[in-house]
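Colleague: Residue numbers (the working numbering), protein chains in the order written: chain A, 30 to 220; chain X, 30 to 220.
By construction, these hints were calculated from the structure, which means they are not laboratory data.
Since the model is a prediction, treat every value here as computed from it, not as a measurement.
Glycine is no exception: its CB is placed at the ideal position from the N, C-alpha and C atoms.
Careful, some of the hints might be misleading.
Cross-link-like lysine-lysine pairs, in silico, DSSO-like; alpha carbons within 30 Å at most [unchecked claim]:
1) Lys-128/A - Lys-104/X
2) Lys-55/X - Lys-159/A
3) Lys-128/A - Lys-151/X
4) Lys-205/X - Lys-97/X
5) Lys-146/X - Lys-104/X
6) Lys-151/A - Lys-146/X
7) Lys-81/A - Lys-151/A
8) Lys-205/A - Lys-205/X
9) Lys-205/X - Lys-166/X
10) Lys-46/A - Lys-55/X
Chain X stretches covered by chain A per the calculated footprint, using a threshold of three residues with CB under 8 Å from any CB of chain A [stated by the list, open to error]:
11) 140 to 151
12) 189 to 201
13) 206 to 218
2 protein chains.
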Amino acid sequence: MPYSKKHKAETRQTILKSASRLFSAKGFDQVSIDDLMQHANLTRGAFYSHFKNKQSVYSEAITEGVRKSRMTQRKPDSLTDQEWIEELVNAYLSQEHVKHEVPACPLAFMVTDIANKETEVKTTYTKIYKQLNYAIKKLSKDHSECDEQDILAVTAMMIGGVAIGRALNDPDTTEKLLSSCRDKALELLNK
Amino acid sequence: MPYSKKHKAETRQTILKSASRLFSAKGFDQVSIDDLMQHANLTRGAFYSHFKNKQSVYSEAITEGVRKSRMTQRKPDSLTDQEWIEELVNAYLSQEHVKHEVPACPLAFMVTDIANKETEVKTTYTKIYKQLNYAIKKLSKDHSECDEQDILAVTAMMIGGVAIGRALNDPDTTEKLLSSCRDKALELLNK
DNA sequence: GTCTATAGAAAGATAGAC
DNA sequence: GTCTATCTTTCTATAGAC
Chain A
30 MPYSKKHKAE
40 TRQTILKSAS
50 RLFSAKGFDQ
60 VSIDDLMQHA
70 NLTRGAFYSH
80 FKNKQSVYSE
90 AITEGVRKSR
100 MTQRKPDSLT
110 DQEWIEELVN
120 AYLSQEHVKH
130 EVPACPLAFM
140 VTDIANKETE
150 VKTTYTKIYK
160 QLNYAIKKLS
170 KDHSECDEQD
180 ILAVTAMMIG
190 GVAIGRALND
200 PDTTEKLLSS
210 CRDKALELLN
220 K
Chain X
30 MPYSKKHKAE
40 TRQTILKSAS
50 RLFSAKGFDQ
60 VSIDDLMQHA
70 NLTRGAFYSH
80 FKNKQSVYSE
90 AITEGVRKSR
100 MTQRKPDSLT
110 DQEWIEELVN
120 AYLSQEHVKH
130 EVPACPLAFM
140 VTDIANKETE
150 VKTTYTKIYK
160 QLNYAIKKLS
170 KDHSECDEQD
180 ILAVTAMMIG
190 GVAIGRALND
200 PDTTEKLLSS
210 CRDKALELLN
220 K
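Model the full structure from these sequences, guided by the hints.
Modeller: Take a look at the structure:
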């Protein structure tokens, strides 16, 4: 057997990693299977040994993107829940995130792209969206009075703030937007 | 002259109308020039008498979309500023808007699509984004203490709420999201 | 499993007739 | 101004050699 199972799994993972980065950056249609494979130092033809088609790698890339993003990292023991949540919100609504200098959150980077896709993809989006809200809820419950409505508003502000920031052409406006969302989000979360 | 100037202007407007609807619904790449022209009962070849290329009609479609959307309508004299702003926020964060049963706001429907485009398109987006914030500021100044930060947070919530709502697969979650954003947005605007 | 080659389809843009 | 025809490119997906 010239190729081990381990090798196959690693190749698959490499493709998925490129996929999550490229689809976030450029959207479904602007990324070709050739692009994905070139980033993995492979050629087009090899793609179909790993994924059924383009849509299926896109769907998996969403999950992969969340796995790598800051939001799903474990809280360091040195921080309180409140400190950690503050750090997460600030990192989310940051220039680095908007400029994609850190792993992108698919919830913000892919939101419009996903709206036009099939059930499978939207179901994945819905799932990770609920996870984000649940994670914040859990981190807030001990030190805050905020309820589910507050949290839904906060995540809309976070996702919206980052998505809008990416579409703007004016760095000053982006910075004002991000800082406003940071302040108002933390205000809602710390009440 | 077999075709009048008026006829040309009308044809152009018809194309633009299809463009604003289709690009909002499906995104840049999923709409072909053929699609646009078929909706105007014309064929591909005629397109280039009206627009330079696909990108330029996309750019104009953003402006056209805003022109038709609720947000730019004039306030009826029978309503106070406060009543009108409440109506606008509620209409924006509504199921009808998310489902595109009323003209779509490009700020929400095209946000990710635009992030990956060239300067011209992003400049247009930035302009209408600022217009939205300015319009709300003007409507708020007489009855509310809210500042620019509040307004930026509110519009992020509005745009984010609608964009996320479109990507979700679960009507209950969408409804909870929309109603939470409505409540929190109006809370910020009425303080 | 990965490669090259290619089939087949779609779409942007142009040319020339009317 | 609008039509049909066409050039050209790009891309998904498959076939077959290694």
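Colleague: Now tell me, hint by hint, if it's right for this structure.
Modeller: Hints and how they fare:
Taking the CA atoms of Lys-128/A and Lys-104/X, the gap is near 38 Å; set against the 30 Å cutoff, the hint is violated. A threshold of 30 Å between alpha carbons decides the hint, and for Lys-55/X with Lys-159/A the separation of about 25 Å falls inside it, so the pair holds. A distance of roughly 15 Å separates the Cα atoms of Lys-128/A and Lys-151/X; the hinted pair therefore holds under the 30 Å criterion. Among the hinted pairs, Lys-205/X with Lys-97/X is consistent with the structure: their alpha-carbon atoms are about 27 Å apart, no more than 30 Å.
A hinted pair counts as satisfied when its Cα atoms are at most 30 Å apart, and Lys-146/X with Lys-104/X does not qualify at roughly 33 Å. Pair hint Lys-151/A plus Lys-146/X holds up; C-alpha atoms about 24 Å apart against a cutoff of 30 Å. Pair hint Lys-81/A plus Lys-151/A holds up; C-alpha atoms about 18 Å apart against a cutoff of 30 Å. Under the criterion of a C-alpha separation no larger than 30 Å, the hint pairing Lys-205/A with Lys-205/X is consistent with the structure, at around 28 Å.
For a cut-off of 30 Å, the pair hint linking Lys-205/X to Lys-166/X stands: about 27 Å separates their Cα positions. For a cut-off of 30 Å, the pair hint linking Lys-46/A to Lys-55/X stands: about 26 Å separates their Cα positions. For the stretch 140 to 151 of chain X, the stated coverage by chain A is satisfied: 8 residues place a CB nearer than 8 Å to a CB of that chain, which reaches the threshold of 3. With a cut-off of 8 Å between beta carbons, the stretch 189 to 201 of chain X has 9 residues touching chain A; three or more are needed, and the interface restraint holds.
Given as covered by chain A, the stretch 206 to 218 of chain X passes the check, having 8 residues with a CB less than 8 Å from a CB of that chain where 3 are the minimum.
In summary, the structure is inconsistent with hints 1, 5 from the numbered list given earlier, while agreeing with the others.
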